[in-house]
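Enquirer: If you want the building blocks of each chain, they are given just below.
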Amino acid sequence: MKVKKRGTGTSVVRTAPKKKWWRDISHWQLTLMLLPGIIYTFVFNYWPMPGIVMAFKEFKPRFGIWGSPWVGFDNFKFLFESTMFWRLMRNTVLYNVAYILTGLFFPIFFALCLERIRKKWSLKILQSSFLLPNFISIIIVSFLVYAFLSPDAGFINNLIVSLGGKPISFYSESKYWPFILVFVDIWKGTGFSTLIYYGTIMGIDQNLYDAAEIDGASELKKIRYVTLPHLKTIVMLILINSMGGLLNSATGLHYNVTMNSGALLPTTDVLGTYVMRGLLNSTNYGGSSAIAFFTEMFGFVMVLVTNAIVRKVDPDSAMF
Amino acid sequence: MKINDKEVMHAFASICLILLAIICIVPFLMVISASLSSEDALLFNGYNLYPQDFTLKAYEELIGGMVSGGSVIPRAYMVTIWNTVGSTLLMLCTVTPAGYALSRKNYRWKKLVTYYWLIPMLIGAGGVANYIHISRTLGLRNSIWVLLLPGGFSAWQAFMLRNFMAKIDDGFIEAAKIDGASEFKILTKVFLPLTKPYVAVIAMRTMLSNWNEWAPCMLYMSDDRYITIQRYLQKILANISMMKMALMEGGEFATMENLPSESLRMAICVIAAAPMVCLFMYFQKYFVKGIAVGGIKG
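Those protein sequences? They're chains A and B, same order as listed. Start counting at 1 in the first sequence, then tack on 111, and there's your number in the working numbering. Start counting at 1 in the second sequence, then tack on 1, and there's your number in the working numbering.
Think of the hints as simulated: they come from the structure by calculation, not from any bench. One or more of the hints may lead you astray.
What the hints assert, rightly or not - Okay, derived cross-link-like pairs now, EDC-like style, lysine to aspartate or glutamate, Cα gap no bigger than 20 Å in a straight line:
#1 106(B) with 427(A)
#2 7(B) with 226(A)
#3 131(A) with 175(B)
#4 332(A) with 6(B)
#5 106(B) with 135(A)
#6 333(A) with 8(B)
#7 230(A) with 6(B)
Produce the complete structure using the sequences and hints provided.
Expert: Here it is in structure tokens:
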């Protein structure tokens, strides 16, 4: 610590007396600028927050959240005792693990491929086509999937029939869907993520590759010892952060692409779609709000845990 | 001949990338060609990669329906545009000043406001309570505002913008202050011109997500007055699956006559996707740059 000596003559001379902060007009101007966002967050985020206690009530639309009777842990008891809940948990977690792993492997693989392409115009064409799936809504994705899988006119069934096979009725056979959904997720997300990793790879110092070249490293060795180590931090951060979202659901994908088909629920139903159906039928507020409470709490704890880990790994990337 | 491992890798990479590009493009080709095929050919041969028995009938029908006013599509289109443009403008009006104020190093309540916005990112009321809050407490059910208002601010985007604005040299602020500029002037005359690309990225992201949004319309709209184009398509999808179920059980299906023909459905898909695809292809340069600066979370 530095000890400042008084009166050594090198102190900065103040030209103007310091104003009290509340007299500073610019402070209030800045506060005014924040006000819209502050009001927004209050109305749409803080105001509904007490409503989380719904999970402990039997919601009756006539009485609203606060007039409905308390039922303690009944909603949770009902939930944990039903086999449905464990099916939802299993599906949600397994799908998320699949999405996370494929979402790492394929984009990194294709980013490594893209790095080899040096021609400007081929890069441009490739990038454009990779990004296409990112721009369309999940509803249109559902139509695209339907065009492939439709039992009577679908592309795949046409192919099977023309090869002499029997058409498969995809929308009533649940066993195919884990593969279909993961494939659709890869299809929609890979292009965008590829460009993220591509950006990171292009940011690596070219001198490192030249040095490796002089040392006689093969192309594969360069990837192994130069490129991949540079991706380590970003991959680790993504992995840790996605742990926090383990119970998040790709509701749009699971609800629309399956066409909300009842026969597919055993392998496609996740927490998010269950809550959504509960809202639409407005019959099962108890189960849905218990699940919502459960996922919120899980997410909260996981964010705190993962953030603590991130702070150890890479303090700059920590959220707080 | 000596095989160079660089060339081998280049060839391998090219093949993989071309395969991926084909996989990305083929479904689009199928939908576009289906929308240009005649209904009979489609029923008989199924979907294909090229138009069969080429016809513009689906688009004529679509435009005819629009002109005669008998179709919900133009209305759905207008609602979607209103909702997308409104949300994006709102987002810019709330996020830019917020990002600017937070980027000011000597702003006194910086930490306080940051935590105030951080907490809802960590914990929320959950889907059910939010739904009841918006539809009952705020009374937005069946109102056109329910599509527009909830997406009007994002603390995440404000934080992103703050990070970019914090990199701008303090000298600019000092200089502007000496000239007697207010904070609003500094934002609009100094900071906005300097951070234009980032603001554009925020606008583009908001536009894309709003145009493709389907859930709010499904949850909060019980009638078809303010139906968006995505929700309209989703309803068609639901009708198809209901029809299929009824056919499997051997029954008649009542709403079958409301169901647009296969090629017309594909034409609707095309016009629902086209604006965003065209826009982003046009502004692709910025968008790709935005991916690089925007990082993982969107």
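Enquirer: Does each hint hold? Answer for all of them.
Expert: Outcome of the hint check:
| no. | hint | in the structure |
| --- | --- | --- |
| 1 | 106(B) with 427(A) | 18 Å, holds |
| 2 | 7(B) with 226(A) | 12 Å, holds |
| 3 | 131(A) with 175(B) | 19 Å, holds |
| 4 | 332(A) with 6(B) | 11 Å, holds |
| 5 | 106(B) with 135(A) | 15 Å, holds |
| 6 | 333(A) with 8(B) | 15 Å, holds |
| 7 | 230(A) with 6(B) | 19 Å, holds |
Hint compliance for this structure: every hint is met.
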